[in-house]
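Peer 1: All chains, please: the whole structure from these sequences, using the hints.
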Amino acid sequence: MLLLGAAISCVILSGVMAYLRRLPDAPASFGWWSLTYAMHALRFVVRDTAPWIGPGPALFGAEALQAAAAIFLLVGAGVLVGVRVAGYVRVGAIVLVVAWAATFVFYLPDPMLLAAPLHVLAGAALWTAALILHREHRRRPELELRLVVFPFVAWGAIEVAYPLTVLNPSLAPWYILAVEAMAVLTAIGLVIGAQRRYFALSYRAQSQLAAAINNVPAEIALFDNRGRLLQGNSSYLAEFGARAEDRPEPGLQFEDLMRRFTARRNPTLADGRPVSFLSDYWARPDSRQEFDIRLDDGRWLHVLRAAMTDGSFMLVSIDISEQKAREQELIRSAPLLRTTIDGMSDGAVAFDRDRGAVAWNEQFLSALELGRGRLRANMPLAELFRLLAERGDFGKDATEATVARFVSAIENGETRIIPHTVPSGAARELRFQPVIGGGYVVFSAAA
0 MLLLGAAISC
10 VILSGVMAYL
20 RRLPDAPASF
30 GWWSLTYAMH
40 ALRFVVRDTA
50 PWIGPGPALF
60 GAEALQAAAA
70 IFLLVGAGVL
80 VGVRVAGYVR
90 VGAIVLVVAW
100 AATFVFYLPD
110 PMLLAAPLHV
120 LAGAALWTAA
130 LILHREHRRR
140 PELELRLVVF
150 PFVAWGAIEV
160 AYPLTVLNPS
170 LAPWYILAVE
180 AMAVLTAIGL
190 VIGAQRRYFA
200 LSYRAQSQLA
210 AAINNVPAEI
220 ALFDNRGRLL
230 QGNSSYLAEF
240 GARAEDRPEP
250 GLQFEDLMRR
260 FTARRNPTLA
270 DGRPVSFLSD
280 YWARPDSRQE
290 FDIRLDDGRW
300 LHVLRAAMTD
310 GSFMLVSIDI
320 SEQKAREQEL
330 IRSAPLLRTT
340 IDGMSDGAVA
350 FDRDRGAVAW
360 NEQFLSALEL
370 GRGRLRANMP
380 LAELFRLLAE
390 RGDFGKDATE
400 ATVARFVSAI
410 ENGETRIIPH
420 TVPSGAAREL
430 RFQPVIGGGY
440 VVFSAAA
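Under numbering that gives the first Met the number 0, the residue at position 266 of the sequence shown is numbered 265, and the numbers go up by one with no gaps.
It should be emphasised that the hints constitute simulated quantities derived from the structure, not laboratory data. In this text, a Cβ means the ideal position worked out from N, Cα and C, and glycines have one as well. It is possible that part of the hints are untrue.
[To be verified] If you anchor each label on the Cβ, the simulated ranges turn out as follows:
| no. | residue 1 | residue 2 | range |
| --- | --- | --- | --- |
| 1 | Leu251 | Asp296 | 21 to 29 Å |
| 2 | Ser407 | Val88 | 51 to 59 Å |
| 3 | Gly297 | Gly355 | 24 to 32 Å |
| 4 | Arg195 | Leu130 | 19 to 27 Å |
Peer 2: Here is the structure:
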């Protein structure tokens with residue numbers, strides 16, 4: 000039963016290491032050490048089969064597995080510090096210790112010569128691993144490996160003392176109990192270290208995320224599934240006033256928060272209606288809503304309310320005052336642009352900063368011999384070139400590469416004139432004139 004208990008303890012330790020090996024950033028040595036303690040577990044099982052296979056084969060199998068496990072423990076310790084042991088060295092070391100065990104079990108039976116070197120090797124491997132773990136903890140404390148150092152040191156001492164059980168067989172049960180205890184302590188230390196590492200990584204990630212959210216210009220607030228404020232970034236809290244007593248406290252209900260905000264900022268929707276957060280938006284807690292609101296100081300906010308799977312939701316507000324101002328400017332300038340282009344004698348088309356067509360005149364369509372509908376609003380500049388290339392304006396061999404070359408030359412300011420031939424055979428030129436704020440006015444002229 001003692002041997003079976005020790006085997007189970009080593010199986011647990013092997014499983015813990017195998018599980019931890021799959022965690023992010025886990026040391027690769029855990030894979031080797033999982034194999035090490037799986038072999039230890041097998042060692043105790045083989046030793047327990049002596050009544051069926053005989054004392055000699057059982058002793059040979061147990062000692063060979065124990066010595067091979069020590070080799071894998073050393074290999075794992077090397078991996079932890081970046082030292083890779085060649086495969087032929089590992090195989091040679093295992094062959095050597097197995098041959099040693101076979102020699103002093105089958106050919107020159109001597110329990111002391113069998114046990115002393117192999118168990119001293121196991122103890123030295125454990126002490127080496129403990130030393131490396133201590134060193135790695137000082138170099139990388141985030142790995143949280145210090146709790147395993149003492150069990151490895153104690154386990155090494157137990158293995159070195161194993162030859163005493165040859166001299167006094169009554170000590171053998173205590174040896175097995177001690178190994179079982181060290182396996183359990185090592186497994187507990189690994190689990191506690193992994194938990195500490197997980198909490199440390201989680202706290203660091205949460206701190207970094209909170210710092211990042213605090214630095215974004217958008218106003219962000221998170222509410223739980225009961226509509227209570229959990230956290231808001233600095234931009235969101237500042238919206239409620241510079242004084243600390245004006246800022247919403249965690250746990251404040253969404254309705255109360257919106258009521259306070261409405262009283263202070265008097266927000267209205269784009270069509271001038273008052274914002275009715277409670278009836279219009281809070282009544283649908285699982286839906287996603289986006290809307291623009293205007294504050295009493297003239298600023299515009301784009302508000303996004305996104306629900307989470309657990310019933311909580313996030314509120315994000317982005318200041319879009321500049322965008323609204325540009326839209327109004329475009330609305331005011333559009334009639335002037337339309338009148339100007341229509342009154343020109345030359346064909347012209349205007350492209351905005353995103354290189355989409357915004358206005359053109361009939362003269363441009365006529366000069367390029369384009370029918371109605373071939374040029375449309377927001378049509379990209381590259382698509383206009385592609386349209387001309389497909390009908391042969393730039394030659395029969397014009398390809399997408401030709402179009403890309405023309406667009407690149409225009410974008411980089413390398414040229415402002417593109418010659419082409421319209422279907423009637425007339426030679427024409429596209430002349431590009433950059434405008435302030437981005438975009439182009441393109442004129443069609445005779446070559």
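Peer 1: Just tell me: holds or violated, for the beta carbon distance of arginine 195 and leucine 130 against 19 to 27 Å?
Peer 2: 22 Å, holds
Peer 1: Can the suggested window of 24 to 32 Å be confirmed for the beta-carbon pair glycine 297 and glycine 355?
Peer 2: Holds, at about 29 Å.
Peer 1: Has the hinted range 51 to 59 Å been met by the Cβ atoms of serine 407 and valine 88?
Peer 2: The hint (51 to 59 Å, Cβ to Cβ) holds, given that serine 407 and valine 88 are roughly 58 Å apart.
Peer 1: Quick check on a hinted range of 21 to 29 Å for leucine 251 and aspartate 296, using CB atoms only.
Peer 2: 23 Å, holds
In the structure shown, no violation is registered for any of the earlier numbered hints.
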